[in-house]
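**Q** Let's have the full structure, built from the sequences with the hints guiding it.
Given next are the chains, with one letter for each unit.
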Amino acid sequence: AQKITQTQPGMFVQEKEAVTLDCTYDTSDQSYGLFWYKQPSSGEMIFLIYQGSYDEQNATEGRYSLNFQKARKSANLVISASQLGDSAMYFCAMREAYNNNDMRFGAGTRLTVKP
Amino acid sequence: DTEVTQTPKHLVMGMTNKKSLKCEQHMGHRAMYWYKQKAKKPPELMFVYSYEKLSINESVPSRFSPECPNSSLLNLHLHALQPEDSALYLCASSQGDRLNEKLFFGSGTQLSVL
Numbered sequence: 125a126q127k128i129t130q131t132q133p134g135m136f137v138q139e140k141e142a143v144t145l146d147c148t149y150d151t152s153d154q155s156y157g158l159f160w161y162k163q164p165s166s167g168e169m170i171f172l173i174y175q176g177s178y179d180e181q182n183a184t185e186g187r188y189s190l191n192f193q194k195a196r197k198s199a200n201l202v203i204s205a206s207q208l209g210d211s212a213m214y215f216c217a218m219r220e221a222y223n224n225n226d227m228r229f230g231a232g233t234r235l236t237v238k239p
Numbered sequence: 006d007t008e009v010t011q012t013p014k015h016l017v018m019g020m021t022n023k024k025s026l027k028c029e030q031h032m033g034h035r036a037m038y039w040y041k042q043k044a045k046k047p048p049e050l051m052f053v054y055s056y057e058k059l060s061i062n063e064s065v066p067s068r069f070s071p072e073c074p075n076s077s078l079l080n081l082h083l084h085a086l087q088p089e090d091s092a093l094y095l096c097a098s099s100q101g102d103r104l105n106e107k108l109f110f111g112s113g114t115q116l117s118v119l
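Residue numbers (the working numbering), protein chains in the order written: chain A, 125 to 239; chain B, 6 to 119.
It is worth saying that the hints were derived from the structure and are not from the lab. One thing to keep in mind: the hints can contain errors.
What the hints assert, rightly or not - Straight-line distance between alpha carbons at most 25 Å, and here's what the computed DSS-like set of lysine-lysine pairs gives:
#1 238(A) <-> 194(A)
#2 46(B) <-> 58(B)
#3 46(B) <-> 107(B)
#4 238(A) <-> 45(B)
#5 27(B) <-> 58(B)
#6 107(B) <-> 41(B)
#7 27(B) <-> 43(B)
#8 45(B) <-> 127(A)
#9 23(B) <-> 58(B)
#10 14(B) <-> 45(B)
#11 43(B) <-> 127(A)
#12 107(B) <-> 197(A)
#13 127(A) <-> 41(B)
#14 24(B) <-> 41(B)
#15 43(B) <-> 107(B)
#16 46(B) <-> 238(A)
#17 127(A) <-> 46(B)
#18 127(A) <-> 107(B)
#19 107(B) <-> 45(B)
#20 197(A) <-> 46(B)
#21 27(B) <-> 45(B)
#22 14(B) <-> 41(B)
#23 107(B) <-> 27(B)
#24 58(B) <-> 107(B)
#25 24(B) <-> 43(B)
#26 27(B) <-> 41(B)
#27 194(A) <-> 107(B)
#28 58(B) <-> 24(B)
#29 23(B) <-> 43(B)
#30 14(B) <-> 107(B)
Since we're looking at a predicted model, the values are computed, not measured.
**A** Right under this line is the structure:
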């Protein structure tokens, strides 16, 4: 069963504006980790940000922040001050405690930043 | 050195060929992964090696054979592939298998099976 859901196949944002990419997940584990990766057209997966299930504060990394709502099982990525170089595929991923080696990805969202 | 290096970057092979994909990291990571990614789809986990032992095999056909000769190297041996196996093959590594450990990815091998 699909455990990571990204409902936005494509998103557009104006340069310098903020954008939110949605991610919901399903797990019965109390311990899990949530990740966001960026994949430019070159193909390499680039790690952006991490949120642990027990972290009380939302994670932030530069222009990236994670809006973590545990009760709703959502982990949305917020990109502030969008840049043209942010145009890429964005994947949400999860690791669960029962099988730490297993990182699964959502279907992804293609973000296009308009000048 | 924070890189995961994959070779070759591109590979075209016939259905009767035998070829290998190579992945290397020198970060001292003890977990290494193979993912398969079809166009416009997310990466799909194929194999995981943890401390040089195969810990996950996601019911991958036997025409794909992984090998981990040492903690820095990961190979994927290919034999008698089908055209539907054409995809981007991504290698990744992580320090271990704790929940907060991110994966470092290589740039992938774009495989075409004719």
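**Q** So, for every hint listed, does it hold in this structure?
**A** These are the hints, each one checked on the structure:
1. Distance restraint check for residue 238(A) and residue 194(A): the Cα-Cα separation of roughly 32 Å exceeds the 25 Å cut-off, and the hinted pair is therefore not satisfied.
2. As the CA atoms of residue 46(B) and residue 58(B) are separated by approximately 28 Å, the hinted pair breaks the 25 Å bound.
3. Straight-line distance between C-alpha atoms of residue 46(B) and residue 107(B) comes to about 20 Å, which keeps the hinted pair within the 25 Å bound.
4. For a cut-off of 25 Å, the pair hint linking residue 238(A) to residue 45(B) stands: about 21 Å separates their Cα positions.
5. This hinted pair checks out: residue 27(B) and residue 58(B) have alpha carbons roughly 17 Å apart, not beyond 25 Å.
6. Simply put, residue 107(B) and residue 41(B) have alpha-carbon atoms about 18 Å apart, close enough for the 25 Å limit, and the pair holds.
7. A hinted pair counts as satisfied when its Cα atoms are at most 25 Å apart, and residue 27(B) with residue 43(B) qualifies at roughly 19 Å.
8. Simply put, residue 45(B) and residue 127(A) have alpha-carbon atoms about 18 Å apart, close enough for the 25 Å limit, and the pair holds.
9. Between residue 23(B) and residue 58(B), the direct Cα distance comes to roughly 24 Å. Compliance with the 25 Å bound is thereby established for this hinted pair.
10. Our distance criterion of 25 Å between C-alpha atoms is met by residue 14(B) and residue 45(B), whose separation comes to about 19 Å.
11. Using a Cα cut-off of 25 Å, the hinted pair residue 43(B) and residue 127(A) holds, with the two alpha carbons roughly 19 Å apart.
12. With a C-alpha separation of about 20 Å, the suggested pair residue 107(B) and residue 197(A) falls inside the 25 Å cut-off, and the hint holds.
13. Annotation: proposed proximity of residue 127(A) to residue 41(B) holds, straight-line Cα distance about 18 Å (limit 25 Å).
14. Between the alpha carbons of residue 24(B) and residue 41(B) the distance comes to roughly 16 Å, so the proposed pair stays at or under 25 Å and holds.
15. Distance hint between residue 43(B) and residue 107(B) is fulfilled; the C-alpha atoms sit about 22 Å from each other, no more than 25 Å.
16. Of the supplied pair hints, the one linking residue 46(B) and residue 238(A) holds, its CA atoms being roughly 23 Å apart against a limit of 25 Å.
17. A C-alpha spacing of about 15 Å is found between residue 127(A) and residue 46(B), which places the hinted pair at or below 25 Å, so the restraint holds.
18. The hinted pair formed by residue 127(A) and residue 107(B) meets the criterion: a straight-line CA distance of about 18 Å does not exceed 25 Å.
19. Using a Cα cut-off of 25 Å, the hinted pair residue 107(B) and residue 45(B) holds, with the two alpha carbons roughly 22 Å apart.
20. In summary, the hint linking residue 197(A) to residue 46(B) is supported, as the alpha carbons are separated by about 23 Å, within the 25 Å threshold.
21. Distance hint between residue 27(B) and residue 45(B) is fulfilled; the C-alpha atoms sit about 24 Å from each other, no more than 25 Å.
22. Taking the CA atoms of residue 14(B) and residue 41(B), the gap is near 14 Å; set against the 25 Å cutoff, the hint holds.
23. Restraint check for residue 107(B) and residue 27(B): the C-alpha separation of about 21 Å stays at or below 25 Å, so the hint holds.
24. Taking the CA atoms of residue 58(B) and residue 107(B), the gap is about 20 Å. The hint holds against a cut of 25 Å.
25. A hinted pair counts as satisfied when its Cα atoms are at most 25 Å apart, and residue 24(B) with residue 43(B) qualifies at roughly 19 Å.
26. The suggested pairing of residue 27(B) with residue 41(B) holds, with an alpha-carbon distance near 14 Å, which does not exceed 25 Å.
27. With a C-alpha separation of about 20 Å, the suggested pair residue 194(A) and residue 107(B) falls inside the 25 Å cut-off, and the hint holds.
28. Restraint check for residue 58(B) and residue 24(B): the C-alpha separation of about 22 Å stays at or below 25 Å, so the hint holds.
29. Restraint check: the Cα-Cα separation between residue 23(B) and residue 43(B) comes to about 21 Å, which is no more than 25 Å; the hinted pair holds.
30. Between residue 14(B) and residue 107(B), the direct Cα distance comes to roughly 23 Å. Compliance with the 25 Å bound is thereby established for this hinted pair.
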